[in-house]
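Residue numbers (the numbering used here), protein chains in the order written: chain A, 1 to 203; chain B, 1 to 175.
Worth flagging that the hints you see were computed from the coordinates, not collected in a lab. There may be inaccurate statements among the hints.
What the hints assert, rightly or not - A few chain A residues that face chain B, going by a derived Cβ cut-off under 10 Å, partial list only:
{"no.": "1", "residue": "Met-56"}
{"no.": "2", "residue": "Gly-60"}
{"no.": "3", "residue": "Lys-68"}
{"no.": "4", "residue": "Gly-84"}
{"no.": "5", "residue": "Ala-91"}
As the list claims (entries may be wrong) - A partial selection of chain B residues facing chain A, derived with a Cβ cut-off under 10 Å:
{"no.": "6", "residue": "Arg-22"}
{"no.": "7", "residue": "Gln-23"}
{"no.": "8", "residue": "Tyr-25"}
{"no.": "9", "residue": "Leu-50"}
{"no.": "10", "residue": "Thr-51"}
{"no.": "11", "residue": "Glu-55"}
{"no.": "12", "residue": "Ala-56"}
{"no.": "13", "residue": "Ala-58"}
{"no.": "14", "residue": "Thr-60"}
{"no.": "15", "residue": "Gly-62"}
{"no.": "16", "residue": "Ala-63"}
{"no.": "17", "residue": "Trp-64"}
{"no.": "18", "residue": "Asn-84"}
{"no.": "19", "residue": "Lys-90"}
{"no.": "20", "residue": "Asn-155"}
Claimed, not checked - Straight line, CA to CA, 30 Å or less: simulated DSS-like cross-link-like pairs of lysine-lysine:
{"no.": "21", "chain 1": "A", "residue 1": "Lys-164", "chain 2": "A", "residue 2": "Lys-68"}
{"no.": "22", "chain 1": "A", "residue 1": "Lys-186", "chain 2": "B", "residue 2": "Lys-90"}
{"no.": "23", "chain 1": "A", "residue 1": "Lys-186", "chain 2": "A", "residue 2": "Lys-12"}
{"no.": "24", "chain 1": "B", "residue 1": "Lys-170", "chain 2": "B", "residue 2": "Lys-122"}
{"no.": "25", "chain 1": "A", "residue 1": "Lys-159", "chain 2": "A", "residue 2": "Lys-68"}
{"no.": "26", "chain 1": "B", "residue 1": "Lys-69", "chain 2": "A", "residue 2": "Lys-68"}
{"no.": "27", "chain 1": "B", "residue 1": "Lys-90", "chain 2": "B", "residue 2": "Lys-17"}
{"no.": "28", "chain 1": "B", "residue 1": "Lys-90", "chain 2": "A", "residue 2": "Lys-68"}
{"no.": "29", "chain 1": "B", "residue 1": "Lys-122", "chain 2": "B", "residue 2": "Lys-165"}
{"no.": "30", "chain 1": "B", "residue 1": "Lys-165", "chain 2": "B", "residue 2": "Lys-17"}
{"no.": "31", "chain 1": "B", "residue 1": "Lys-122", "chain 2": "A", "residue 2": "Lys-186"}
{"no.": "32", "chain 1": "A", "residue 1": "Lys-186", "chain 2": "A", "residue 2": "Lys-68"}
{"no.": "33", "chain 1": "B", "residue 1": "Lys-90", "chain 2": "B", "residue 2": "Lys-122"}
{"no.": "34", "chain 1": "A", "residue 1": "Lys-186", "chain 2": "B", "residue 2": "Lys-69"}
{"no.": "35", "chain 1": "B", "residue 1": "Lys-90", "chain 2": "B", "residue 2": "Lys-69"}
{"no.": "36", "chain 1": "B", "residue 1": "Lys-122", "chain 2": "B", "residue 2": "Lys-69"}
{"no.": "37", "chain 1": "A", "residue 1": "Lys-12", "chain 2": "A", "residue 2": "Lys-68"}
{"no.": "38", "chain 1": "A", "residue 1": "Lys-12", "chain 2": "A", "residue 2": "Lys-164"}
{"no.": "39", "chain 1": "B", "residue 1": "Lys-17", "chain 2": "B", "residue 2": "Lys-69"}
{"no.": "40", "chain 1": "B", "residue 1": "Lys-69", "chain 2": "A", "residue 2": "Lys-164"}
This one's a predicted model, so the numbers in the text were calculated from it and none came from an experiment. Every residue, glycine too, gets a C-beta built ideally from N, C-alpha and C.
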Amino acid sequence: MPATLHRRAVVKALMQDPGDDLLVVAGLGQCTWDITAAGDRPQNMPLWGGMGGAAMVGLGLALAQPRKRVLVITGDGDMLMGLGSLATIAAQRPTNLAVIVLDNEKFGETGNQATHTAPATGAPTERGAGTDLAAVARGCGIADSAVIAHDSDVPQLAKDARTKPGPIFRTVKVMTEVLPQTMPPKDGAYLKDRFRHAVLGTA
Amino acid sequence: MSAAATDWREQIFETLKAHDIRQVYYVPDAGHSRLIELCQTSNAMRAIVLTTEEEAMAGTLGAWLGGEKSVTLMQSSGVGNCINMLGLSKTLRYPMLMLITMRGDFGEMNPWQNAMGQATPKVLEAAGCIVFSVERAEEVQPTVHAATNMAFEGNQAVAVLLRQKLIGAKSFGKD
Numbered sequence: 001m002p003a004t005l006h007r008r009a010v011v012k013a014l015m016q017d018p019g020d021d022l023l024v025v026a027g028l029g030q031c032t033w034d035i036t037a038a039g040d041r042p043q044n045m046p047l048w049g050g051m052g053g054a055a056m057v058g059l060g061l062a063l064a065q066p067r068k069r070v071l072v073i074t075g076d077g078d079m080l081m082g083l084g085s086l087a088t089i090a091a092q093r094p095t096n097l098a099v100i101v102l103d104n105e106k107f108g109e110t111g112n113q114a115t116h117t118a119p120a121t122g123a124p125t126e127r128g129a130g131t132d133l134a135a136v137a138r139g140c141g142i143a144d145s146a147v148i149a150h151d152s153d154v155p156q157l158a159k160d161a162r163t164k165p166g167p168i169f170r171t172v173k174v175m176t177e178v179l180p181q182t183m184p185p186k187d188g189a190y191l192k193d194r195f196r197h198a199v200l201g202t203a
Numbered sequence: 001m002s003a004a005a006t007d008w009r010e011q012i013f014e015t016l017k018a019h020d021i022r023q024v025y026y027v028p029d030a031g032h033s034r035l036i037e038l039c040q041t042s043n044a045m046r047a048i049v050l051t052t053e054e055e056a057m058a059g060t061l062g063a064w065l066g067g068e069k070s071v072t073l074m075q076s077s078g079v080g081n082c083i084n085m086l087g088l089s090k091t092l093r094y095p096m097l098m099l100i101t102m103r104g105d106f107g108e109m110n111p112w113q114n115a116m117g118q119a120t121p122k123v124l125e126a127a128g129c130i131v132f133s134v135e136r137a138e139e140v141q142p143t144v145h146a147a148t149n150m151a152f153e154g155n156q157a158v159a160v161l162l163r164q165k166l167i168g169a170k171s172f173g174k175d
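Next up, chain B with everything else stripped away, as it sits in the complex (with noise of 0.2 Å):
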């Protein structure tokens, strides 16, 4: 990792770069933005923007299958369109890394995502994925870099969730 990197998002691209992730298959979040921008310039990976999560999941078996590594980066909500695509990882034993931005979490003001955000965890879990949550941003790089040892070595899904505590609530104009 770089020693510039004090961003948590810049230190996430960093681990990535590290671990010879290829592909980046993402739905746009604010959360992910920066990573997103980082991952489309870089010269060392593809950034493959989806219509739909689960399209991830189908993709990254076939990254895996040509012998590349890839990641999801994707919104909570996201987590919902890929329930039975999710299964795959389980039945095929292939590394899935998934890094997820919370909405209907800590402080969220829309309502309308309450539903799906506290679900996520839990329809990981039941999909067979390995589940981390970060709150502090000093915990982000070591997170990540933990959670990609175990999907690559383990050929597993692991997700990191990026909880609303550590990317803050989006306002909507109020405080």
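Looking at chain A on its own, in the form it has when it is part of the complex (with noise of 0.2 Å):
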């Protein structure tokens, strides 16, 4: 079933309000751009490398401010890359972290060839294994694992990623879009300090 939801609408409806304390992480690629298009803020760490560390970066995030909560929005490609971090999390099992995964079924970045998650029949160019990451997820003991496919879902969606007891994941089947690229700054130093000190008052 081709996904309808629009993945901007979604990131939108995820961190509402700019001026509140939502601490989020952005996978390289696409996502980098949703969550600045959504309101670049200091305590947005968009991540332009690192493929497959979103989700760590998250927990290392989550596990240093238990009263805050982490939000991590990636792509497909990214979990992928980094799928045994979901079991990491899980054994660490982080009560104020969600890990969001926009799911395209593309590696957007590269020309949107196929990813493992797009489904395992169809032309050798558009197929993938039918890879579903919230199986994966609940598998690696992250019992709170859903796919998002519906409009209607959005707003449940958006609460559980900021206010129920974590870890949760959620795969979120998108459209493939093209989309204009909002660029946050681009100097991890400068990334860096500013979340720190919007966080801890100290770079």
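Grab the two chains, each in its own frame, and use the hints to assemble them into the complex.
Shown next as structure tokens:
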């Protein structure tokens, strides 16, 4: 069934008020443009590299800041490269961590090649393995894992992502879209210092 | 450091504790097993078992973003798993402290360890890490202390290689 959800609308629903103290880590590629389009803010940590690492950045942050909510927003390609981190997160059981994968079944930055989450049937350039990342997360020990595919489920997704005791994992099936590249600052040291200053009061 | 700690593994633990290291990322290694146990049972630290060492590079970034110090314990073969992620420290300038037990080093009996073991210091240096090497028990504590200071005062990746002259080579039944 073709996806109907727009990724930018989902991310906007997740982030809601740019003035709140939600801590957001975005995996490289489109997710960094998505969180920036929703409103660039110091408590955003958009990654421009380190593919496969977004969920682990979220874990380290969630353990260090147990009283704040940490949201990882990443893509299927990034999550596939770091599948083991789902088991690592499950072993730590961070109650303040939500991992949201915007799954368009494509390696978006490199020409929209099919990832493993694409259906196992189809033309050679379109097929994957039908990998169900929420099932992988559940199998790794993150019991609260689910797939979101309908517009009507987005308000509950946003509520769960922001408030439900974690760790929680959600695959959100989104359309493949051509969208403006709304870029955050590119300098990693600046992004890190900006984030620490906002969260800790010191860089 | 407590006066009771005379074993270098316990001295590492006491040094990490004194530096307020809170998150300990590890893939198990025989050379680190005593240290891992001490970290697992410490109230001041959280021991985080990994499926692959590169998870630690990202976890360490998250910890620092949230204001906590961390360390990564791994074997030299694990350094090979980390190469791309090692570059994150140079790019974002955050502290990355690594304590690495060597394989493929002095007296190694498993030749499959030799290639990565010999490449380990070069790989670390190529990615921008400062590398210290320890062969004698009495040098462990001062080196870990110095490396920790340089990592966290300098927003720098620093690795301490615990060489096989220090930890010994697994014999595989041969002497």
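Verification of the supplied hints:
{"no.": "1", "hint": "Met-56", "in the structure": "holds, 4 Å"}
{"no.": "2", "hint": "Gly-60", "in the structure": "holds, 3 Å"}
{"no.": "3", "hint": "Lys-68", "in the structure": "holds, 8 Å"}
{"no.": "4", "hint": "Gly-84", "in the structure": "holds, 3 Å"}
{"no.": "5", "hint": "Ala-91", "in the structure": "holds, 6 Å"}
{"no.": "6", "hint": "Arg-22", "in the structure": "holds, 7 Å"}
{"no.": "7", "hint": "Gln-23", "in the structure": "holds, 6 Å"}
{"no.": "8", "hint": "Tyr-25", "in the structure": "holds, 8 Å"}
{"no.": "9", "hint": "Leu-50", "in the structure": "holds, 6 Å"}
{"no.": "10", "hint": "Thr-51", "in the structure": "holds, 3 Å"}
{"no.": "11", "hint": "Glu-55", "in the structure": "holds, 5 Å"}
{"no.": "12", "hint": "Ala-56", "in the structure": "holds, 8 Å"}
{"no.": "13", "hint": "Ala-58", "in the structure": "holds, 3 Å"}
{"no.": "14", "hint": "Thr-60", "in the structure": "holds, 6 Å"}
{"no.": "15", "hint": "Gly-62", "in the structure": "holds, 3 Å"}
{"no.": "16", "hint": "Ala-63", "in the structure": "holds, 4 Å"}
{"no.": "17", "hint": "Trp-64", "in the structure": "holds, 7 Å"}
{"no.": "18", "hint": "Asn-84", "in the structure": "holds, 7 Å"}
{"no.": "19", "hint": "Lys-90", "in the structure": "holds, 9 Å"}
{"no.": "20", "hint": "Asn-155", "in the structure": "holds, 8 Å"}
{"no.": "21", "hint": "Lys-164(A) <-> Lys-68(A)", "in the structure": "holds, 13 Å"}
{"no.": "22", "hint": "Lys-186(A) <-> Lys-90(B)", "in the structure": "holds, 14 Å"}
{"no.": "23", "hint": "Lys-186(A) <-> Lys-12(A)", "in the structure": "holds, 21 Å"}
{"no.": "24", "hint": "Lys-170(B) <-> Lys-122(B)", "in the structure": "holds, 23 Å"}
{"no.": "25", "hint": "Lys-159(A) <-> Lys-68(A)", "in the structure": "holds, 15 Å"}
{"no.": "26", "hint": "Lys-69(B) <-> Lys-68(A)", "in the structure": "holds, 18 Å"}
{"no.": "27", "hint": "Lys-90(B) <-> Lys-17(B)", "in the structure": "holds, 25 Å"}
{"no.": "28", "hint": "Lys-90(B) <-> Lys-68(A)", "in the structure": "holds, 27 Å"}
{"no.": "29", "hint": "Lys-122(B) <-> Lys-165(B)", "in the structure": "holds, 19 Å"}
{"no.": "30", "hint": "Lys-165(B) <-> Lys-17(B)", "in the structure": "holds, 26 Å"}
{"no.": "31", "hint": "Lys-122(B) <-> Lys-186(A)", "in the structure": "holds, 28 Å"}
{"no.": "32", "hint": "Lys-186(A) <-> Lys-68(A)", "in the structure": "holds, 25 Å"}
{"no.": "33", "hint": "Lys-90(B) <-> Lys-122(B)", "in the structure": "holds, 16 Å"}
{"no.": "34", "hint": "Lys-186(A) <-> Lys-69(B)", "in the structure": "holds, 25 Å"}
{"no.": "35", "hint": "Lys-90(B) <-> Lys-69(B)", "in the structure": "holds, 17 Å"}
{"no.": "36", "hint": "Lys-122(B) <-> Lys-69(B)", "in the structure": "holds, 26 Å"}
{"no.": "37", "hint": "Lys-12(A) <-> Lys-68(A)", "in the structure": "holds, 19 Å"}
{"no.": "38", "hint": "Lys-12(A) <-> Lys-164(A)", "in the structure": "holds, 18 Å"}
{"no.": "39", "hint": "Lys-17(B) <-> Lys-69(B)", "in the structure": "holds, 10 Å"}
{"no.": "40", "hint": "Lys-69(B) <-> Lys-164(A)", "in the structure": "holds, 27 Å"}
Consistency note: the structure conflicts with none of the earlier hints.
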